[in-house]
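A.B. asks: Residues per chain, in single letters:
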Amino acid sequence: MRIVCPFCGERELGEFSYLGDAKPVRPAAGAPEDDVFDYVYLRDNIAGAMSEHWYHAGGCRAWLKITRNTLTHEISSVEPAAGAGAAEVGA
Amino acid sequence: MVSHAQTHRLESGGLIDRSAPLNFRFDGKTFAGFQGDTLASALIANGVKLVGRSFKYHRPRGILTSGSEEPNALVELRTGARREPNTKATTAELYDGLEAASQNCWPSLRHDLMAVNQLFSPIFVAGFYYKTFMWPAKFWEAIYEPAIRRAAGLGRAAGVADPDHYDKAWAHCDVLIAGSGPAGLAAALAAGRSGARVILCEEDFALGGRLLADGGMIDGMPAAEWTSRTLAELATLPDVRIMNRTTLFGVYDGGTYGAIERVNDHLPSPPEHQVRQRLWRIVAKRCVVAAGAIERPIVFAGNDTPGVMMASAMRTYVARYAATPAKRIALFTNNEDGWRTVETALGAGLQIAAVVDARLDVSAAHRALAAKAGFPVLNGSVAGVEGGKDGVRKISISLTGGARAEVEADGLAVSGGWNPAVGLTSYHRGRPKWQDDISAFVPDGAPPGMVAAGAANGAFGLGACLSQGFAAGAAAAQSPGHNGSAGTPPVADDETFSLTRLWHVAGKGKAFVDYQHDVTASDIELAQREGFESVEHLKRYTTLGMATDQGKTSNVAGLAILAAVSGKSIPETGTTIYRPPYVPVAIGAFAGHHRDEDFHATRLTPSHHWAAEQGAVFVDTGLWKRAQWYPRAGEKDWLESVTREVKAVRSGVGFCDVSTLGKIDVHGPDAGAFLDRVYINTFSNLAVGKARYGLMLREDGMVYDDGTTSRLAEDHYFLTTTTAKAGPVMQHLEFCRQVLFPQLDVQLTSVSDQWAQFSIAGPKTRDLLREIVDPAEDLLNEAFPFMGAREVALRGGIKARLFRISFSGEMAFEISVPARYGDALVRNLMLAGKQFGVTPYGTEALGVMRIEKGHVAGPELNGTTTAADLGHGKMMSTKKDFIGCVMAGREALAAADRQVVVGIKPTDKKRRLRSGAHVIPKGEIPGSASSQGYVTSVCFSPTLDQWIGLALVERGRERIGEIVHAHDPLRGEDYDVELCNPVFYDPDGGRQRG
Ligand SMILES: [Zn+2]
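In the order they appear, the protein sequences are chains V and D. For reference, each letter of the first sequence is one residue, going 1 to 91 in the UniProt record's numbering. For reference, each letter of the second sequence is one residue, going 1 to 994 in the UniProt record's numbering.
Pulled out of the complex, with its shape left as it was, chain D reads as follows (with noise of 0.2 Å):
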């Protein structure tokens, strides 16, 4: 393995280590670079000019900046499950082994047939997706949207599970602050001097911000000196947090800001139990942004020939990096700012082919510098580039006064000024506003707390940013109280600004302002034609701005081409709305640990770790896991099971574990009246002693909730839930409490996760609970009859609690102990059971028994049905308010024809029903006209042996005994069956009280 030889290295200087050497893969051939690269300043380091093909064009393209604003250099980032599309090779830290390719190229990067693409650029116009999508439908699906999407299109995905950890923290602070340049150093040390915690995050690895390139003067010295200088007193401050390689990238209300950190990118794969990606949540007291500014490019034909880079991001290519993106360079400026380039270069021993300044007034020094140097200053501007995937060869120039000029470069530097990074202060929908001294937009105010300073505020000269970096630090600091004395500021020059607007260059041939989606400068007039004017609507009609870039480049030229078209002014034309994130953030960084088993928290009820060594099947019930049928040997499917359970409850006696509904303890001496205004039926009139069957309706008069309530002392009721509802059950009885009914002294304690709760049910119930019960307690029909409720002791001494209700028919009992004897309870009903066949029940089973009995559960709990349709109507009070009486009684919710359950079997007792089917009367066409209700729960019945169910159906208690037909067009199938009394089983209820 032969690494190229880095051929664009200079000798000496950059921050880079030279003496930690790495080597890389790109599009699979190996490269050398050093520790402190980006995998573009490597690329670059070894001549690597195209690095990618144009999203709708596939025009080759090379690396136009040097950070996370970069619209070109996207590729795709490492190999198998770690593969990441549309990473910036900018910003993407080197390390040793690194693996990238090109993305949108076929079958390879300097030959991509899509280039084809380009010659059918006329269709790929503004708008062409609207467009195309007016053609016949067909068309569009057979031909064109296939290959559009082979055509156009970023990166790949991985397509396989993402083998990283993601996390999830939260960090508190007095003052937040975006970036380490010269501003946000300053700011720093302002507030965390005068004993602020401070927070401060800057994206890149290393700090410094411009500083590292561009370096200057401060406090009399060089600018790298002061950044250490400044980096080891922070360290002594107690209270200051700097984190690197992190982007805050949104605000959000009440100070809370979202950051992103990327803790291992750097590394080929994070060390064993760390993290890729941490996802911050800071709150802060104040925020200073001070984000920086982005050099924007100037549109021009040939704009996007690799070789074409912002003129800021040459240097620091060079000055930071020590890598030479181009031998002999051409400058395209409108500003003083680019000229800076034009000295690194020179620094470094670079030629300069000429500087194409668009100002009639360059300095006598620049002009004193050009003669130096032996380079031409030409009053103009760039009018075309020669060159293609191999980078610039020539430049051609259109001087001031009409002449043309040819240059020959293989690096074309680009400036039209600056940009503020207006982002984080305008994510609140805030809009920047234009100031024209320095033709840029800045932030117009900003959400609560924040202040943007420095180059984020428009102010681009080191002085200014460090001085407006210290009174924003400063200022933020005292706001929380923090008083100490923030020092003295430190102090530079600022940089002459001298800037003539130019946006685009009239000439021949495609000049982009946004790169990453192929948008141009005649889509944009072109858009402006056809008459979307408004910025909002050239946005969507010609995507600019809309790439993972989100314009940082291309926004600000794309309205100043937009206005100046449409003659307005570029305030008048105003800017879209800034949404964050700022820089994309991975959708597993946001969920975090919570994927796969760990989405959402897992409840297990105090005999699962039992069930589970039975071999039972699970279901998951809301959080809950709940044992649904127990398998036993020879059993070929969980029909068999759960009829041998069925039958198992029916002729002896089976348990099941019914801790998952919902358990409120009500204390109080109102408790009684508290619970009449909550139930449809009366409870303060229950004997202690005893439990009573509930119904709970919605203020608008639906069925809400049922349950039975137990009254366990004079102040004191224990009220169940269903499993669904326990949680908004709680909070609805605690709006009833704090809200509706203060006057009432009454508490609510949620107890659900307190108390094991099961149900043991059969005949010989009674002969189990005997061998569980201390025989001192009498659980015969005299002292503990149907609907009694109370404490019993247990052999051994354990309290616990019985319940005589059944939900299956049989004779029953609920028994609940304290959660923790859940376990120990349920292996000794086994042991004490065994005798008795005593048989394990799950939710199917549990179901079966049920629908036999009639009893309604969610299917019928559905949100529209009323006490009435439920059968329970006489259970309404007319004697007391309680919630939803009134919206009960509206005539539609007591219409004689509504919907109401009814059981159902079908007339061939050999079919199987399935719930869901639609119930039409005998001799009508199936439809929704016809449609009188449907089918809510089947099972089959193994007392029976048939199929059954419930439904609700229009009159259907009036119509017992009418065959009608059951419509199920989800699965084809058409059958009668017969309305039939609900209560299946035992319709008197002899079992259960006996």
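Chain V on its own, in the form it takes in the complex (with noise of 0.2 Å):
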């Protein structure tokens, strides 16, 4: 598999680091504890166009956005998480 890094082009997998995905948002502050934990453990296993988070550990240490088929591997997109712009090198 290779993924294209929005900060360093295309890069092999074992680059990478995969978190899982992406979709849950953290809750603010002062959530409710059903939120929170529907946050921690509860997470939809798609067959298909998933959203994920990859880490590019081994080039920029940007955490990507990365929509992947989870039957075929295609990488239909990749984003840099909203605070990634900042690991930029001369950026």
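Because the hints were derived from the structure by calculation, they are not lab data. By construction, the Cβ of each residue, glycine as well, lies at the ideal position given by its N, Cα and C atoms. Just so you know, not all the hints are guaranteed correct.
Pairwise CB distance ranges (calculated) [what the hints assert, rightly or not]:
hint	chain 1	residue 1	chain 2	residue 2	range
1	V	S76	D	G484	27 to 33 Å
2	V	D35	D	H594	44 to 50 Å
3	V	P6	D	W170	44 to 50 Å
4	D	S928	V	E74	32 to 38 Å
5	D	D436	V	S76	36 to 42 Å
Dock chain one against chain two, each of which comes alone in its own frame, and use the hints as you go.
C.D. replies: The structure is reproduced here in structure tokens:
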């Protein structure tokens, strides 16, 4: 598998580490425990296009939001996490 | 050493180099061959027909094919540490001095006592293993398994370490081509001329594919001439790389391909400093699979007799190697292509005994050829073979209409048609589709970017191979944007295609489908009767296609027979799933250089070389090598050394390299706010010049990591992690920064490798530091109190950081200098500390002192403990949001009966403790129900002169003073321990603040 990092270009899978579902959003401070529980534990297990968090550990250390088809491994989009731009060297 | 004469070598012809004679040994006998031979062709040239015994029945077997699909002719190649079992004689290149041995036979190939297995063949039927497993276990273990293991099986592994090196490499191209036959070469021409970067992989050492044996006319010239002209043109193209001896074995996501290059397999051993094989990962925008087709056998009784050979292989040995598998050849074919073997054999002056053709419509030209050469053309099927280990003697034929005939021959060529090599195109769970007009499965789609051409795509004619290959190569080059002219495509005529379906000839005797796993037609019929109708079930039940050849010659015939007995069509029956690798790949090649001490990277601490000079004993912690203790002359064991080190620290001064801790610089105006969110305690209110112990949770409320973090400037914190979690914490913090809290203005930099850090501990720490640190720096309590942290100048001007933190409970500082000064610092500490008796200590003494002081570490930070479990519940801020704060408040995580950290000491002061023992209340029967926790860390405490430990025990902190039972079923130990305060040493902390 190959991933086109928005900062580093096309790179091999081995440079990246996988976290998982990028859909859950961390509840704001003071959110009910149930919301936090869902955020921590509940994940969809999608057969198809799925938004995922990946980390370019062997490259620019950017956290990426990647849309990957879990059936074919086809990657349809790669975008940096909101705060990843700051990792861009010299940008 | 007299070589046997090459009795079966033609006087002339072939692609062998007769000026380069080679000697080789097979089963101890010496033979001769030529450069350009394979082991198989050289054996054939020497009249050797019997090369192995079959897997289950130990039947004599010969050479069936001339390529990597070979199921029979497997040998142990080379000797000693380089002995390699299950090597295909058909692909092993001959070299001078080659040694090979037949396998799977005892005591010898010709007199194999295990052939008695044939007599027991009724019990070796399909599903044999499954049926046998149902017998009483004792019977199986004592009798059957050992007997079967001895009787069945393939070659022997070398049993010692592989002396050779293997390499791994990457390559990138626009167009990757599998195969150098007419389709592959045409594809390379078109793509290369267009300007694309091309890599062509060919598993053979010679280029040309079927052209090497079958010839033909291309562009009005003989195929050999066209091939050499084409190769010459490709050599002039700047970006065309041709890799022979290289098999493309797998297709992975994103256009990544696996290939194995047999760099030096054709030599007795690799030249010095060269690798044996190289594993390639090739990234290609497009791939043209021109891997050709595999001729398929027809299943009939005795079809495994040595001397029965695929028709295409027979003519390959004659035409390419000038080696004659037989002198009087019979052909059994159901298609036009088989007749080429007759033409080749006649051209070489060999005799044709008869042609048995299942088709009614044999062409007039062929009939005329038969009449001229004087052999009969019989319409019907071969029903049996008479012969044995010395080869074929007689063939019995059932003629269409019912009559029988017999023909004497010493070789039988068989052609059941051709199966396109659909492996590569099917590796992404693709299912090939049945193409009725050629009676074969062809690719139905392929992984993205891949296309099949030529015989691999079901186009068997030479003209079609060239035109499909050329078109595929040109199209593949266009997609990556190479618009050069592909020029004129090569042209040739297509041969006539004519085939009548014939899979299996009914008859008496064993008719083999899968030669390598000894699966017969009746096994398949039995499996179907027993209900294994799905091909996937059939495969597992009969083991059809599960040998090292993956059923390349057998799968289609097997499912055709299954289809016939189950009354379904072949497409309805379908194929099993295709999986890489296409050919066996040595594990050594996947490992490459990552073996032995290079299995993983090794990280050395800044003081490593100095420690090694001191004779330190090192321990692997993750990738690091850390000094575990420093033995001194006369010390009888590790405990004596460690005890001395601890005492030296507690009474004087010692130091330890702690550079392995993860170190992260946190910069920015929001650095404090950021740390408040990742730690349970507050850091934004930490004064500049101070350090604080911090605890991180996972979002689920469990403790993740701990360490001290110092504030070096208003907007600069220096954070440390445990050694084990250095990488994961960095990743976690980047996630928090980039994904969870992008609004915070903060930067993270890993500086683990930038700083050499030493802990200096003991009452004489300041005395030692004064010798190192610039005299202007005030190290007294007032100016540098406990938990102080700031930059200082060392004597000589180097800047260092000093942190007044203590893991040992002693007066201690941690000093860090740029990593390049680490070695100099440790040597200076030794010099300057000599007067104070300075003692270097290792991780063992470090561990002893942390247990004495009751500090938690890895065994307690085990992923299931909360801050409160570790005794740090009060650190958890209630005034802020932080990672894990909500989940940590869950009822079960705050329950009163949780297992919490507590100290333990044995009631018998002399007793040794061991971690892992269960803690059981006194008077209860030990068991999982009565277990209330376990011992996590133990050590011999030189300070208390007894063994002490830490344990996780239910309500442990409320039970200080209680005597409980330690139960260690693993070591068979039972003893009493007292639960106590985990801080064994200096509980009020006066020493570290002193
Ligand atoms: Zn990157």
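A.B. asks: Cβ-Cβ distance between S928/D and E74/V: within 32 to 38 Å?
C.D. replies: Since S928/D and E74/V have Cβ atoms about 47 Å apart, the given range 32 to 38 Å is violated.
A.B. asks: Range first: 44 to 50 Å. Now tell me if the beta carbons of P6/V and W170/D are that far apart.
C.D. replies: Violated: the Cβ-Cβ distance is about 22 Å, outside 44 to 50 Å.
A.B. asks: Kindly confirm whether 44 to 50 Å is satisfied by the beta carbon distance between D35/V and H594/D.
C.D. replies: holds (45 Å)
A.B. asks: State, for the Cβ atoms of S76/V and G484/D, whether the hinted interval 27 to 33 Å holds or is violated.
C.D. replies: holds (32 Å)
A.B. asks: Range first: 36 to 42 Å. Now tell me if the beta carbons of D436/D and S76/V are that far apart.
C.D. replies: holds (38 Å)
The earlier numbered hints that this structure contradicts are 3, 4.
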